[in-house]
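S.K.: If you want the building blocks of each chain, they are given just below.
Number of protein chains: 4
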Amino acid sequence: MDVRIYYEDTDAGGVVYHTNYIKYFERARTELFRSHGFFVAELAKNGFVFPVVRLEIDFKAPAVHDDLLSVITYPVRVGGSSITLCQKIVRQNDGKLLVEGLVTLACKPAVQSPTHTTGDPPDA
Amino acid sequence: MDVRIYYEDTDAGGVVYHTNYIKYFERARTELFRSHGFFVAELAKNGFVFPVVRLEIDFKAPAVHDDLLSVITYPVRVGGSSITLCQKIVRQNDGKLLVEGLVTLACKPAVQSPTHTTGDPPDA
Amino acid sequence: MDVRIYYEDTDAGGVVYHTNYIKYFERARTELFRSHGFFVAELAKNGFVFPVVRLEIDFKAPAVHDDLLSVITYPVRVGGSSITLCQKIVRQNDGKLLVEGLVTLACKPAVQSPTHTTGDPPDA
Amino acid sequence: MDVRIYYEDTDAGGVVYHTNYIKYFERARTELFRSHGFFVAELAKNGFVFPVVRLEIDFKAPAVHDDLLSVITYPVRVGGSSITLCQKIVRQNDGKLLVEGLVTLACKPAVQSPTHTTGDPPDA
Numbered sequence: 000m001d002v003r004i005y006y007e008d009t010d011a012g013g014v015v016y017h018t019n020y021i022k023y024f025e026r027a028r029t030e031l032f033r034s035h036g037f038f039v040a041e042l043a044k045n046g047f048v049f050p051v052v053r054l055e056i057d058f059k060a061p062a063v064h065d066d067l068l069s070v071i072t073y074p075v076r077v078g079g080s081s082i083t084l085c086q087k088i089v090r091q092n093d094g095k096l097l098v099e100g101l102v103t104l105a106c107k108p109a110v111q112s113p114t115h116t117t118g119d120p121p122d123a
Numbered sequence: 000m001d002v003r004i005y006y007e008d009t010d011a012g013g014v015v016y017h018t019n020y021i022k023y024f025e026r027a028r029t030e031l032f033r034s035h036g037f038f039v040a041e042l043a044k045n046g047f048v049f050p051v052v053r054l055e056i057d058f059k060a061p062a063v064h065d066d067l068l069s070v071i072t073y074p075v076r077v078g079g080s081s082i083t084l085c086q087k088i089v090r091q092n093d094g095k096l097l098v099e100g101l102v103t104l105a106c107k108p109a110v111q112s113p114t115h116t117t118g119d120p121p122d123a
Numbered sequence: 000m001d002v003r004i005y006y007e008d009t010d011a012g013g014v015v016y017h018t019n020y021i022k023y024f025e026r027a028r029t030e031l032f033r034s035h036g037f038f039v040a041e042l043a044k045n046g047f048v049f050p051v052v053r054l055e056i057d058f059k060a061p062a063v064h065d066d067l068l069s070v071i072t073y074p075v076r077v078g079g080s081s082i083t084l085c086q087k088i089v090r091q092n093d094g095k096l097l098v099e100g101l102v103t104l105a106c107k108p109a110v111q112s113p114t115h116t117t118g119d120p121p122d123a
Numbered sequence: 000m001d002v003r004i005y006y007e008d009t010d011a012g013g014v015v016y017h018t019n020y021i022k023y024f025e026r027a028r029t030e031l032f033r034s035h036g037f038f039v040a041e042l043a044k045n046g047f048v049f050p051v052v053r054l055e056i057d058f059k060a061p062a063v064h065d066d067l068l069s070v071i072t073y074p075v076r077v078g079g080s081s082i083t084l085c086q087k088i089v090r091q092n093d094g095k096l097l098v099e100g101l102v103t104l105a106c107k108p109a110v111q112s113p114t115h116t117t118g119d120p121p122d123a
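Just so you know, the sequences run in chain order G, R, B and Z.
Counted the way numbering that gives the first Met the number 0 counts, the first sequence spans residues 0 to 123.
Counted the way numbering that gives the first Met the number 0 counts, the second sequence spans residues 0 to 123.
Counted the way numbering that gives the first Met the number 0 counts, the third sequence spans residues 0 to 123.
Counted the way numbering that gives the first Met the number 0 counts, the fourth sequence spans residues 0 to 123.
Think of the hints as simulated: they come from the structure by calculation, not from any bench.
What you are looking at is a predicted structure, and each value in this text was computed from that prediction instead of being measured.
Hints may contain errors.
Repeated chains share a single entry, so a pair holds when one copy, or any two copies, can fit it.
[Unchecked claim] In silico BS3-like cross-links for lysine-lysine, where the CA-CA straight-line distance does not exceed 30 Å:
1. Lys59 with Lys44
2. Lys95 with Lys44
3. Lys59 with Lys95
Make the full structure from the sequences, and use the hints.
M.R.: Laid out in structure tokens, this is it:
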């Protein structure tokens, strides 16, 4: 998955703000799921969500404004109630590995919406 | 309401990213409501939300990393189904007016949560 | 320009958080500039930045998770030291106009980076 | 350090978007440094930055809109060129531990500003 870096992604240090790489990880997982016919938003409507329960990430080099990045994702461990993915972010123009990490997702029923957390199902 | 500027708020231009001031406006509205005994999250649970329907904002001068800002909010027009607030952002150490604008909120029932839109896709 | 809505774009109201549309405006301006051979990040390195000085935006309908949006941008007024663009966000699957606004940019020399403001504190 | 959860912090799952907790970690580090007389923005101006080079985080339970959180930070390893901090996020009204992690910061000269990356060192 490609990610272009805009002003919104950067910080006053002149580089991408570190938590934003983790957003790109999530975009890439959504697109990976889509490519296998699974739609994260649809699944959530039907009560299946995949919250991140653990992150282990190494930030090796920074991206800067206007960089074009690739996010690479592949599974490393699939369990009954969780899955761990390896995700890497590489800059396209020099192939440099910028960030890599392990992301563990749980598979569990969607949390109740904050508009319906009083024990009364929305359709009741 | 006070707002401290952290790295997350800034961009590679060395200043606060422009849309973030509008987040501070929303924080300040939430706290203003709270000071009058209205809790935005509680209201949403009970089906009342106040979406922004119009913004008119002048960005006069930028804030930078570590600035401490004040957000000032007061109503300028209260209608049956909407309210318009004037909101200003001032830097505390020199009193400089950085941003000012008019924010119009509608009062309307909460949208259905995406986790509970069973049978009625929003885009259908 | 296309924008896909991910979890990061949404809020607990189940819709896109209002300030995020204004980020999509900025992404689209960057791509529009690029399509005319102007690279915003390069221009900034050479001392030319285009800060938003005024926004006037109507939020007409919300986008939701996984929506695919188009951002449409065209100039409405070009002055000596500023330019005003009209920007619209339309949902692709039903053609619905969600957001439209006028964005005024100034053209001026880049602010000094916070890492290089030697001797001249920005707040002095 | 206290963190109040606003709409901007949440996502369509009705909870705080996972990367935002890592922003709160950074706010808390900035305030911890400040309490010891070190100002992150000042240090950056003088060429000292502390980029996150590694994160190891467990997300144990979600925060929701309007929660008031505490961020607790303490050092676990101080090396010559890096420091590792343990950071925890606890919800104030029930004392529940929501997130905990290890954050490793490098200490190194500030990256060149994007406004000065054209072969001319900033001090030249």
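S.K.: Return the numbers of the hints above that this structure violates; sort them in rising order.
M.R.: none
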